[in-house]
Amino acid sequence: DIVMTQGALPNPVPSGESVSITCRSSKSLLYSDGKTYLNWYLQRPGQSPQLLIYWMSTRASGVSDRFSGSGSGTDFTLKISGVEAEDVGVYYCQQGLEFPYTFGAGTKLELK
Amino acid sequence: QVKLQQSGAELVKPGASVKLSCKTSGYTFSTSYMSWFKQIPGQSIEWIGMIYAGDGGTGYNQKFKGKATLTVDTSSSTAYMDLSSLTTEDSAVYFCARNSYAHGYVMDAWGQGASVTVSS
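Just so you know, the protein sequences line up as chains A and B, in that order. Each number in my numbering corresponds to the 1-based position in the first sequence with 13 added. Each number in my numbering corresponds to the 1-based position in the second sequence with 1 added.
In short, the hints are calculated from the structure, not lab data. Quick caveat: nothing in here was measured; it's all calculated off a predicted structure. The hints are all genuine.
Ranges of calculated distance between the beta carbons of each label pair, as one might list FRET restraints: (1) ALA118(A) - GLN2(B): 28 to 34 Å; (2) TYR44(A) - GLN63(B): 17 to 23 Å; (3) GLN63(B) - PRO25(A): 36 to 42 Å; (4) THR18(A) - SER26(B): 35 to 41 Å; (5) ASP14(A) - GLN6(B): 26 to 32 Å; (6) ASP14(A) - SER116(B): 24 to 30 Å; (7) PRO42(B) - GLY20(A): 20 to 26 Å; (8) GLY58(B) - SER28(A): 45 to 51 Å; (9) SER94(A) - GLY57(B): 39 to 45 Å; (10) GLN113(B) - PHE112(A): 21 to 27 Å; (11) SER28(A) - SER76(B): 47 to 53 Å; (12) LYS121(A) - SER31(B): 36 to 42 Å; (13) LYS92(A) - THR59(B): 32 to 38 Å.
List of simulated lysine-lysine pairs, DSS-like, C-alpha gap at most 27 Å: (14) LYS66(B) - LYS14(B); (15) LYS68(B) - LYS24(B); (16) LYS64(B) - LYS40(A); (17) LYS40(A) - LYS66(B); (18) LYS92(A) - LYS121(A); (19) LYS121(A) - LYS40(A).
To give a feel for the contact side, a few chain B residues facing chain A, derived at Cβ under 10 Å: (20) GLY50; (21) GLN63; (22) SER101; (23) VAL107.
Cβ coordinates follow ideal geometry from the N, Cα and C atoms, glycine included.
I would like the entire structure built from these sequences, with the hints used as guidance.
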């Protein structure tokens, strides 16, 4: 199985600050179609996960442009520009390259 | 808009089975894909498996083979997951989520989750 490893944030984060969440995969997620099958989700407290980014850098419909994704085949970053109260929760990276789909352990964002 | 409405919380005894449902609306269910997930509170998310509503074809996480069975009823646009021989380790919140074929099968809409508690 592909192992997804996420970094931590220096919580709590001051409102308005920009943060980056890192994620690393044990195998390249770059597929032969040229797309990188790395997705990002936010799970707010008590809610179900919400899709933020797919194909490493494509924002999902309705997602704020404060969220941006970047990376290579195995190292990825989710950047949040100017964190707001509604951004609080746990962020997960997930690989969609092959079964079984796997998630990182999650990165918690707390606001100061 | 796309909606996935899951069945309610379940309290079941060890050794029993439970069937969770995920009723959908707002899109064409019969040609769509659905995944199911397990999340123990405070922990990460595990993918259980995926089903294609068009023909009932499935793919499972090896870890959940024999534990979970995915089915669909296209007449009611509902997906189901059977969990069998339940133990306390199956106590968790279970989510259904639509896989977007157009976007690399990413999970772009999620149900609200259903809590399963296994206890005698």
